[in-house]
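*Asks:* Listed below, chain by chain, are the residues.
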Amino acid sequence: DGGITQSPKYLFRKEGQNVTLSCEQNLNHDAMYWYRQDPGQGLRLIYYSQIVNDFQKGDIAEGYSVSREKKESFPLTVTSAQKNPTAFYLCASTLVGGRGNTEAFFGQGTRLTVV
Amino acid sequence: DAKTTQPTSMDCAEGRAANLPCNHSTISGNEYVYWYRQIHSQGPQYIIHGLKNNETNEMASLIITEDRKSSTLILPHATLRDTAVYYCIVRVAESGTASKLTFGTGTRLQVTL
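Which chain is which? The protein sequence lines are A and B, in order. Just so we're aligned: the first sequence equals residues 2 to 116 in this note's numbering. Just so we're aligned: the second sequence equals residues 14 to 126 in this note's numbering.
Calculated from the structure, these hints are not laboratory results. Bear in mind that the values here come from a model prediction, so they are computed numbers and not experimental data. Backbone N, C-alpha and C fix where the C-beta goes; we use that ideal spot for every residue, glycine too. Heads up, some of the hints might be wrong.
Claimed, not checked - Quick partial rundown of chain B residues pointing at chain A, CB under 7 Å, derived from the structure: (1) C25; (2) G56; (3) P57; (4) K113; (5) L114; (6) T115; (7) F116; (8) G117; (9) T118; (10) G119.
Stated by the list, open to error - Listed next, with one range per pair, are the computed distances between beta-carbon atoms: (11) A:G43 / B:N67: 35 to 43 Å; (12) A:S74 / B:I52: 21 to 29 Å; (13) B:M72 / A:K10: 24 to 32 Å; (14) A:A82 / B:N32: 41 to 49 Å; (15) A:P40 / B:H90: 27 to 35 Å; (16) B:R29 / A:N54: 48 to 56 Å; (17) B:P89 / A:Q57: 36 to 44 Å; (18) B:S38 / A:N29: 29 to 37 Å; (19) B:H53 / A:K84: 23 to 31 Å; (20) A:A82 / B:T78: 41 to 49 Å; (21) B:P89 / A:A82: 43 to 51 Å; (22) A:N19 / B:E79: 47 to 55 Å; (23) A:K10 / B:I87: 39 to 47 Å; (24) A:T87 / B:T18: 23 to 31 Å.
I would like the entire structure built from these sequences, with the hints used as guidance.
*Replies:* Next up, the structure:
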């Protein structure tokens, strides 16, 4: 079945360590996105990518980095520069096309806790 | 992409229709209206989208006003499982374009017995 997979579901790290969250999709989607969600809040865009080897900053990119070496994969690294990294992280993907057929598919999220 | 405004929360009795409004007064002619919902601690789920005509699928109906400045998502017979946060977003959908896909804070719908 086609879908978008995030791993791991829960992640614990010590303060000051970098950590990489995985996002893989087999939907042949061009665009991929990373969001952060804090308790009781909406989704805030971190980074997005329209095509391989290209990505743009979202609204809260500081302290995060991404790469897009393959169409299927868009890993997110939470660096030690991110002051408050504990959050729920969501990855999404969409087609890039016309006729409005660009609904987003989301992974089930990774809950990162930094202690 | 245009900004959307939604009420923070709404209640609905089980079995009744839930009508969730969304204001998108700055929408452009090439922007679609999309609705998603997020059940606690899960990834958001696509519900429905439209450009200017009303749309219906197995989950919901979408009513877009003639001037396209607002829309309403209708869940015809709400159940307890429809309790979730509902997000309305507008998005350009042109070939070769991937916009930022920005979500607001959504409407928290509570369905009660």
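*Asks:* Are H53 of chain B and K84 of chain A spaced within 23 to 31 Å by their CB atoms?
*Replies:* 26 Å, holds
*Asks:* Taking 43 to 51 Å as the stated bounds, is the beta-carbon spacing between P89 of chain B and A82 of chain A within them?
*Replies:* 48 Å, holds
*Asks:* Taking the least C-beta to C-beta distance, is T118 of chain B closer than 7 Å to chain A?
*Replies:* Constraint on T118 of chain B satisfied, holds at 4 Å.
*Asks:* Honestly, do T87 of chain A and T18 of chain B meet the 23 to 31 Å range at C-beta?
*Replies:* With Cβ atoms ~29 Å apart, the hint holds.
*Asks:* For the hint on G119 of chain B, just tell me whether its beta-carbon gets within less than 7 Å of chain A.
*Replies:* 6 Å, holds
*Asks:* Holds or violated: the 24 to 32 Å window for the beta-carbon distance between M72 of chain B and K10 of chain A?
*Replies:* Hint holds: Cβ distance 26 Å, inside 24 to 32 Å.
*Asks:* Starting from the hint 48 to 56 Å, judge whether the C-beta atoms of R29 of chain B and N54 of chain A obey it.
*Replies:* For R29 of chain B and N54 of chain A the Cβ distance comes to about 50 Å; the hint holds.
*Asks:* Honestly, do A82 of chain A and T78 of chain B meet the 41 to 49 Å range at C-beta?
*Replies:* 45 Å, holds
*Asks:* Mind checking the CB of L114 of chain B against every CB in chain A and telling me if the closest is under 7 Å?
*Replies:* Holds, because the Cβ-Cβ distance from L114 of chain B to chain A comes to roughly 6 Å (cut-off 7 Å).
*Asks:* So, K113 of chain B near chain A? Judge it on the closest CB pair being under 7 Å.
*Replies:* With Cβ-Cβ at 6 Å, under 7 Å, it holds.
*Asks:* Between A82 of chain A and N32 of chain B, does the C-beta distance stay in 41 to 49 Å?
*Replies:* 44 Å, holds
*Asks:* Is the hint on G56 of chain B kept, meaning its closest Cβ partner in chain A is under 7 Å away?
*Replies:* 3 Å, holds
Hints 1, 11, 23 from the list above are not met by this structure, while the remaining hints are.
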